[in-house]
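Colleague: Construct all of the structure, not just a fragment, from the sequences and the given hints.
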Amino acid sequence: MLLKAVFWDLDGTLIDSEPLWHDGEIEIAHNNGGEWNEDLGWACSGTPVTHVAEVMIAHGCTLSVPEIDKQLKDYVFKAEVERLPWIPGVQDVLRSLNEAGIPSMLVTTSPRRMAENIMKQSEGLFAGYVCGDDPYEHKPNPAPYLAAADKLGIAREDMAKCVVLEDSSVGLQAGAASGATLIAQTGWIRTDTSGLGQFASIESYDGIDAAALDGFVRQRLGE
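One point on numbering: in the UniProt record's numbering, the residue at position 91 of the sequence shown is 91, and numbering is uninterrupted.
Hints listed in this document are in silico derivations from the structure and should not be mistaken for laboratory results.
Don't take each hint at face value.
[Claimed, not checked] The following label-pair restraints were derived from C-beta to C-beta distances:
#1 A155 <-> A100: 33 to 43 Å
#2 E35 <-> R190: 16 to 26 Å
#3 N32 <-> D92: 33 to 43 Å
#4 T62 <-> R156: 30 to 40 Å
#5 V81 <-> N31: 18 to 28 Å
#6 D39 <-> R112: 22 to 32 Å
#7 T62 <-> A211: 44 to 54 Å
#8 E35 <-> R95: 38 to 48 Å
#9 P111 <-> G222: 37 to 47 Å
#10 G195 <-> D74: 20 to 30 Å
#11 R156 <-> A212: 39 to 49 Å
#12 A200 <-> A100: 16 to 26 Å
[Said to hold, decoys possible] Pairs of lysine-lysine residues, derived as BS3-like cross-links and limited to a Cα-Cα distance of at most 30 Å, are as follows:
#13 K73 <-> K151
#14 K151 <-> K70
#15 K120 <-> K151
#16 K78 <-> K151
#17 K120 <-> K73
#18 K70 <-> K120
#19 K78 <-> K120
All figures in this text were calculated on a predicted structure; none of them were measured in a lab.
Note that the Cβ used here is the ideal one computed from N, Cα and C, for glycine as well.
Modeller: Shown next as structure tokens:
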């Protein structure tokens with residue numbers, strides 16, 4: 001295989017967690033004098049929680065950014081510890097990669113405890129992770145993906161032989177800037193993410209395995 005590694009975003013790519021974030025945003029906003037709805041939640045999808053908090057305050061929430069940040073992360077973390085809402089078929093893709101000897105890395109803006117929860121519940125299918133608490137610029141900067149490659153000893157000139165799976169606009173921009181072969185997962189996001197540098201788009205994980213991801217790399221490189 002030409003494929004060297006697969007880098008996975010978390011929300012909307014591995015787990016269908018956006019509804020959890022939006023439920024938390026709505027509850028916190030409405031309990032503290034603000035107005036919020038699902039559309040506003042989707043408009044903030046993929047951005048840091050501090051940015052979401054700033055937008056919530058602009059819509060009337062009386063809490064501070066640190067208070068919203070803590071309450072929202074606590075809400076989602078509790079829900080994910082109880083049950084991870086894995087996207088259908090994604091665990092089979094991870095197992096296929098594992099069996100083929102291709103490492104998977106989690107690359108998320110979420111805090112470390114959420115990344116560690118994924119590691120705990122994924123039964124050793126990830127080689128490691130980069131999270132929002134690590135000392136790198138956040139997406140859309142490519143730094144998290146380049147850091148994940150560094151952890152695996154993958155050189156910059158080999159990034160095209162790696163696949164990034166992303167769903168949000170900021171994540172797709174980060175993946176494209178990293179030089180990786182970028183695949184957009186469009187099945188669990190409601191915003192238009194076209195034209196952001198993706199090599200291909202998929203709506204589900206039907207038919208996706210290690211060989212299929214290797215095929216995307218080969219197509220991109222003209223092999």
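Colleague: Now tell me if each hint is right for this structure.
Modeller: Tested hints:
{"no.": "1", "hint": "A155 <-> A100: 33 to 43 Å", "result": "violated, 21 Å"}
{"no.": "2", "hint": "E35 <-> R190: 16 to 26 Å", "result": "holds, 19 Å"}
{"no.": "3", "hint": "N32 <-> D92: 33 to 43 Å", "result": "holds, 41 Å"}
{"no.": "4", "hint": "T62 <-> R156: 30 to 40 Å", "result": "violated, 46 Å"}
{"no.": "5", "hint": "V81 <-> N31: 18 to 28 Å", "result": "holds, 22 Å"}
{"no.": "6", "hint": "D39 <-> R112: 22 to 32 Å", "result": "holds, 30 Å"}
{"no.": "7", "hint": "T62 <-> A211: 44 to 54 Å", "result": "holds, 53 Å"}
{"no.": "8", "hint": "E35 <-> R95: 38 to 48 Å", "result": "holds, 43 Å"}
{"no.": "9", "hint": "P111 <-> G222: 37 to 47 Å", "result": "holds, 40 Å"}
{"no.": "10", "hint": "G195 <-> D74: 20 to 30 Å", "result": "violated, 36 Å"}
{"no.": "11", "hint": "R156 <-> A212: 39 to 49 Å", "result": "violated, 25 Å"}
{"no.": "12", "hint": "A200 <-> A100: 16 to 26 Å", "result": "holds, 19 Å"}
{"no.": "13", "hint": "K73 <-> K151", "result": "holds, 26 Å"}
{"no.": "14", "hint": "K151 <-> K70", "result": "holds, 29 Å"}
{"no.": "15", "hint": "K120 <-> K151", "result": "holds, 19 Å"}
{"no.": "16", "hint": "K78 <-> K151", "result": "holds, 29 Å"}
{"no.": "17", "hint": "K120 <-> K73", "result": "holds, 18 Å"}
{"no.": "18", "hint": "K70 <-> K120", "result": "holds, 22 Å"}
{"no.": "19", "hint": "K78 <-> K120", "result": "holds, 14 Å"}
Of the numbered hints listed earlier, those contradicted by the structure are 1, 4, 10 and 11.
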